[in-house]
Amino acid sequence: MNAIDYAKKVSDLFAVPKTAVRVKSLIDDDRSDANSISAVLQTDPGLAAHILKLANSAIYRFPRKIDKLQRAIQVIGTSAVYDYALVFGLSNAFSKEQSQFVDLDKFWEQSVSCAILAKHFAISKGIKDPDRLFVNGLLHNIGELVVLKLDPTLAKDCARFDAKLNPKECQYDVLGFTYAEISAALVQQWMLPDSIVSTIAMQHHDDSAAETPEVQIMQLAYELSIINTFPHHYNFETHLPFFMFESLNLSRDDIEEALDNTNYQVEQVIHLFNPDAFKVA
1 MNAIDYAKKV
11 SDLFAVPKTA
21 VRVKSLIDDD
31 RSDANSISAV
41 LQTDPGLAAH
51 ILKLANSAIY
61 RFPRKIDKLQ
71 RAIQVIGTSA
81 VYDYALVFGL
91 SNAFSKEQSQ
101 FVDLDKFWEQ
111 SVSCAILAKH
121 FAISKGIKDP
131 DRLFVNGLLH
141 NIGELVVLKL
151 DPTLAKDCAR
161 FDAKLNPKEC
171 QYDVLGFTYA
181 EISAALVQQW
191 MLPDSIVSTI
201 AMQHHDDSAA
211 ETPEVQIMQL
221 AYELSIINTF
231 PHHYNFETHL
241 PFFMFESLNL
251 SRDDIEEALD
261 NTNYQVEQVI
271 HLFNPDAFKV
281 A
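Reading the sequence shown from the start, the letters are residues 1 to 281 in the working numbering.
Hint data in this document are derived by calculation from the structure and do not stem from the laboratory. Heads up, the beta-carbon is just placed ideally off N, CA and C, and yes, glycines get one too. Please note that the accuracy of each hint is not assured.
Stated by the list, open to error - Cβ-Cβ distance ranges computed for the label pairs, FRET-style:
1) VAL21 - GLU237: 12 to 22 Å
2) ILE4 - ASP157: 29 to 39 Å
3) GLN74 - THR212: 40 to 50 Å
4) ARG160 - ILE123: 16 to 26 Å
5) ASN2 - ASP206: 29 to 39 Å
6) ASN35 - LEU165: 46 to 56 Å
7) HIS271 - ARG71: 28 to 38 Å
8) ASP157 - ASN261: 26 to 36 Å
9) GLU169 - GLN70: 24 to 34 Å
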């Protein structure tokens, strides 16, 4: 199978949650607003609770506690509600038994790290709508969950990277392509904007700076999240090419500041995206 085949096959096993479909139809309707989207979310208590937690998290840093769903939607943004609904639904499709093949805690730590780093750099470089870069980071490696769902043994083989073999190279050796390609194919099927699809697809660098700041940020955030999550294999001095931060006019001090900021926020945010945290008692 190729990357598109994986994305199509998992779509047969994982249907986009009905709530997310209804939210997407409202987002595409110019007449809808936060109240109408809130009414749909209230039919799914688990997702509604998650949206409220997100709005009150360190991701958005709203100065006052948000206790109304309509306000939470306004803070997060209507399009992001659909993105988070997809992540919520996909996360619930996995069981603890599958953690014997892939370290799901590490998966979410790396994904959240990438998301927070991407948003941090987007803000620092004045990128419009930096929350979209957060979504890019959060979904960039969703292809790993696809392979885990369809063929856990292959996912386990893809996790056998080390200091001499990075994750991208390991995925190529096992699959013939990367998780990035599956991730891009899946988010395209989910009807996310082309800008998200293309940024996720181009997350791996080819030994030179990307053409757009958004992709440069995505590539830098990806590499730093790998270093941050697997420090026993990788480090900043050895595994991060200079051009990746110099192309954004960032210094080593800027990178260190971003990593410090990320480490603090990951501890606060990761429980929102860890699969167990999606369960509502």
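To see whether the hints hold, each was checked on the structure:
1. VAL21 - GLU237: 12 to 22 Å: violated, 47 Å
2. ILE4 - ASP157: 29 to 39 Å: With a Cβ separation near 21 Å, ILE4 and ASP157 fall outside 29 to 39 Å, so the hint is violated.
3. GLN74 - THR212: 40 to 50 Å: Violated, at about 29 Å.
4. ARG160 - ILE123: 16 to 26 Å: Check failed, 36 Å falls outside 16 to 26 Å.
5. ASN2 - ASP206: 29 to 39 Å: About 20 Å separates the Cβ atoms of ASN2 and ASP206, which means 29 to 39 Å is violated.
6. ASN35 - LEU165: 46 to 56 Å: holds, 51 Å
7. HIS271 - ARG71: 28 to 38 Å: Roughly 22 Å apart at Cβ, these two residues miss the hinted range, so it is violated.
8. ASP157 - ASN261: 26 to 36 Å: Since ASP157 and ASN261 have Cβ atoms about 34 Å apart, the given range 26 to 36 Å holds.
9. GLU169 - GLN70: 24 to 34 Å: violated, 47 Å
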